[in-house]
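Number of protein chains: 2
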Amino acid sequence: MSMISLQSFAVGQWIDPAGDIKTLKSAVTGKDIARIGSSALDFAAMAGHARRTGGPALRDMTFHERAHRLKALAQYLNERRDALYELSYETGATKADSQIDIDGGIATLFVFSSKGRREMPDGHVFIDGATEQLSRSGGFLGQHVCTPMQGAAVHINAFNFPVWGMLEKLAPTLLAGMPAIIKPASATAWLAEACFRMIVESGILPEGAVQFIAGHTGDLLDHLACQDIVSFTGSATTATMLRSHPGLVENSVRFVAEQDSLNASILGPDADPGTPEFESFIREVVREMTAKAGQKCTAIRRIIVAEPHLGAVRDAIVAKLEKTTTGDPRAETTRMGALASIAQRNDVLEKASIIATEAERVFGDPDTFLPTGSGLSGGAFLPPMLFQCTDPDSAEKVHAVEAFGPVSTMMPYRDLDHAIELANRGQGSLVASIFTHDPEVARRAVMGAGAYHGRLYFANRDTGKEATGHGSPLPHMVHGGPGRAGGGEELGGVRGVLHYMQRTAIQGSPDILTGITGVWTGNSTEIKKDVHPFRLKFGDLEIGHTLWTESRTVTLDDIEHFAGFTGDNFYAHMDEEAASANPFFPGRVAHGYLILSFAAGLFVDPEPGPVLANYGLDSLRFSKPVIPGDALKVRLTAKQKAVRNDEYGEVRWDVSVVNQDDEEVATYDLLTMNAR
Amino acid sequence: MSMISLQSFAVGQWIDPAGDIKTLKSAVTGKDIARIGSSALDFAAMAGHARRTGGPALRDMTFHERAHRLKALAQYLNERRDALYELSYETGATKADSQIDIDGGIATLFVFSSKGRREMPDGHVFIDGATEQLSRSGGFLGQHVCTPMQGAAVHINAFNFPVWGMLEKLAPTLLAGMPAIIKPASATAWLAEACFRMIVESGILPEGAVQFIAGHTGDLLDHLACQDIVSFTGSATTATMLRSHPGLVENSVRFVAEQDSLNASILGPDADPGTPEFESFIREVVREMTAKAGQKCTAIRRIIVAEPHLGAVRDAIVAKLEKTTTGDPRAETTRMGALASIAQRNDVLEKASIIATEAERVFGDPDTFLPTGSGLSGGAFLPPMLFQCTDPDSAEKVHAVEAFGPVSTMMPYRDLDHAIELANRGQGSLVASIFTHDPEVARRAVMGAGAYHGRLYFANRDTGKEATGHGSPLPHMVHGGPGRAGGGEELGGVRGVLHYMQRTAIQGSPDILTGITGVWTGNSTEIKKDVHPFRLKFGDLEIGHTLWTESRTVTLDDIEHFAGFTGDNFYAHMDEEAASANPFFPGRVAHGYLILSFAAGLFVDPEPGPVLANYGLDSLRFSKPVIPGDALKVRLTAKQKAVRNDEYGEVRWDVSVVNQDDEEVATYDLLTMNAR
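Those sequence lines, one after another, are chains D and Y.
In terms of the working numbering, the first sequence opens at residue 23 and continues consecutively.
In terms of the working numbering, the second sequence opens at residue 23 and continues consecutively.
Derived by calculation from the structure, the hints in this document are not laboratory data.
Watch out, some of these pointers could steer you wrong.
In this list, chains with the same sequence are indistinguishable; a pair is considered to hold if it fits within one copy or across any two.
Below are the DMTMM-like pairs computed for lysine to aspartate or glutamate, each with C-alpha atoms no more than 20 Å apart in a straight line [unchecked claim]:
hint, residue 1, residue 2
1, K487, E154
2, K655, E548
3, K663, E87
4, K663, E462
5, K559, E672
6, K419, E272
7, K373, D413
8, K646, E672
Being a predicted model, the structure only gives us computed values, none of them experimental.
Based on the provided sequences and hints, a complete structural model is requested.
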């Protein structure tokens, strides 16, 4: 490959390396591959550009509009994956490693796009939780809402997954409505830059939504204030430095850290050799040791096994490691590629030697090891290395020192509590896995270890081939963990989006809340019109439009007829004496489903029109019994709308059924699909 | 009063002041009132006691059990309020001030008790959000759960609300299942100690659940690790110091800060003199300036008013301040008492003099002021002081310097955007209020200012007397804000409880998830029994118990009959041609409510028994149309149980209605009340 000059992208301009320029080398051959340096950048201007140009443009869009941009971006990158794969080999990654990075990153964009459209409103304010009634009459209410932070999100990414690491932070940030300034790790920055360049060239994002620093962050952090966020992935050392930065501390700048941790995997007490769980445990441990040459923040660093099975586990792992080909990542037979750099390899060797003071090496000798392939002498290769620590209770280093490479340590446990205790000795991790088929083991593991781990992964014969793996963070699930893992949290669907928004408690009258959220809040003004709301197209239907129906009296005949027709002869409807003995009923009462059915009979407008279907109902509560002679009428109010596609949208209706004394007997949300 | 020796409570022992003892003085008379000093404490032992004794005891209880303890505690304190009121006068508080502190604190316990029972499970694991389907077949699922952190919660409280400040942190901590070590501010520690002593003497909490430091925290922070939490309320200076503490930084110890901020109140553009909003704005500003002598972290520090109304607002505020009696807090005519200490008074005077460099003082001269009452010459009294800043755009100090006393600054705005800009100049606050009757003003305020403020309070003629006030944090709503307000968050119902828990992403098979949560997860094992589940008492009903019904064929006659009976003649049921033109239906289809009604007819066991009532239904979705000739059958599975009272409990059933091809046509949660 010819030498690449990595450009930064600042205030809408591509800027060449300048000042303190460094040369980056191929992890595979050791040859020079790229030049990097950001001294020419005006970091204060970048922060200002994000705040003044990118932020307002993104905030002008609704969540759904931003979600659509994410999908377009995912499609755009998906069509250009091959170029990224080519660059990825030079980072030491095999094709399988690159799939995790490149395809995994693009998939994350797709998932956030989908979640944005399904779980967030087609508006500007995200509603967080239920309305709180703060006064007796309901005239003063509380509602939590989230709005985008108005600053810049600074993303400081790790070297191991240059594409996924960038996109997993970018997706929730953009969906939230915040602009990002991305600073990739230098070691593999050429891959991140290539992907970032595609994002800019796509033209899908508004001006100022993304900027890119190829090099160091200069004085950027000194310019951050209360609306900015720093989201970091990397080592504990760097995290500690950033977390203590005076400007961040004084301005309470939100800081999210995701650090490497001493992740554990436990072979469950029920998972004896010969069980499916034992087999999948061995496969998973070997996969985690060798995938991405062990450079995964979620990789299994501690293998926790019932003492009697330690030998069987060791033998099974070693047998598989012996068949693992390490070498040229481009070769199809290669199972494990190179580490990201010589510096990284040296660091791993140093950490492995510390672990070796407490554990015996049972596989992998770096001194005699040679990678498979030619022209690799300058590459950052290492063999997988398996250690065994027989006294993990008194050991310290094996629970605290992470060799960020293909290195893992086995240790024995006496019983499940001891296994949990050992897993927790890591003082906080991103993920722990437990291979068990026993739900009670799982329950005890969650109660004992949940507080120490951001994710607990349970694999067994039932999860089988569909299981996504110990080491794979998924966009649906939170990624991050307490203590050594950094105390941060990312992803987890909408949860990850909310990290880039401010939650605000709103207090006010029903009409004020309706005005803010765009969702009709109970007790708000009812808008009366001459037209039945079912006759209005999606776009013409106004939030708050209310229909009050005529009333219908429920007779004992109705109840008996309904019982006979449906077969629901529950005694509360059919037996006066038994019904009277029931603590909730004065005597025979109408079926709940009769109330619902009569209500529909009262509010439905039968002729063909914009309402296409009733597709469901939420939060139905029967609040007062209906007895023979009660006269029911219904209030139907347009509560919320969301476009589904070009042809129709979803309408949520607030429905209240009241009796002749205006007492509510039933309330629910009715869901219809309406033509646009 | 005689001199009080404030005791600490550590590792189950009351411990006298020792070492570096300080003397605390009455805010009203200046006389010595208490001695304080914590040098005798073994802080590492305290942390260990919380972790090893308090934590396990609390975690053994369910959320409901802990909620019941909170209620008992609230009742116990409520019966002993008088003694606390008596001690509160010496802090400078009037009776009205003490109500906020003492009654407000007890009310917070009641609300958290209630929320714990209504919104959290009667179990040990809190379920966070919906199940995520992570594989096509549904055999591998994701679920977020929260479990209690296994360390100690260190509460560092402010001097202004010694009781509320302690209880508002304690309630969510205990409900979460974490033990607390409480360190009150020294200035008013005698009131906190008296309340804490009641808590211990009540015997309601288990050993180790609460400890108390009367004095400094010594080396406590050096002993904290990844499972501990520090929750702080107080000044920005102290927060910055704590936040940078090396032990906290290195171990990613969760740190929550709630700091004083430059809270603003905006008189809306529609709230001209003469409107109800104008009147309530004036009342609220004066109340916020004088309540607790302005020593409220939420008090209005900046009064933002449309330029033409600045004079009218000033005159109205001054007229009320002139009638405000400041002096002996025990006197019934007193509106404003003393500040907490002479040191506090001096600090307020210093800060007011800084504000005076940018704003003119229009009311309140501390040099000529004398408090009303006798024996007050040694007290920490100040008059309310109103400033006016006519050029708030170029001013800096009025947006940044907080005089934590009865001090507030008026400033003019040109239009709503300008008002929002000025409110945001505080760089993050706990609360901003807007007095407006216009929902569009409210919407714009949320979009423009939401990200800068933890709470936005809208008052108008509709909220009227029920409104709880700009300055009152409520247990239902989050309290905290970005930037200058500390970036933390407390309260907010269950949200506040989760700050003391770890969220963990769980991945596994349906059975594993059911075992962990105690809630039947879709695709889990169906437990078949000879008995109909409706015949089992609440306590005997097993989660997972499943009934499959016989099937019933839906005929066109059924559909027509149902339409005629209910009056629901929607064309999709009645008109073959029109129904066929609908994008969702192949032709005439059964009513959704007919499906529900027939399903009930199939699964209901009619005779009197433990099932008392169907009280509602959640998340109903019609997933496939039912056409004439389809045969329906139902699966009914016991999904979740929660005791309501001694007589009955709530049962949630997972219901699936399928057709003759085993395709789901409807799914929902059915809710019944079952006798115990």
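Going down the list of hints, with the structure as the test:
{"no.": "1", "hint": "K487 x E154", "in the structure": "between (44 Å within a copy, 17 Å between copies)"}
{"no.": "2", "hint": "K655 x E548", "in the structure": "within (16 Å within a copy, 40 Å between copies)"}
{"no.": "3", "hint": "K663 x E87", "in the structure": "within (15 Å within a copy, 41 Å between copies)"}
{"no.": "4", "hint": "K663 x E462", "in the structure": "between (44 Å within a copy, 19 Å between copies)"}
{"no.": "5", "hint": "K559 x E672", "in the structure": "within (11 Å within a copy, 40 Å between copies)"}
{"no.": "6", "hint": "K419 x E272", "in the structure": "between (35 Å within a copy, 17 Å between copies)"}
{"no.": "7", "hint": "K373 x D413", "in the structure": "within (19 Å within a copy, 60 Å between copies)"}
{"no.": "8", "hint": "K646 x E672", "in the structure": "between (29 Å within a copy, 17 Å between copies)"}
Consistency with the previously given hints is maintained throughout, with no hint failing.
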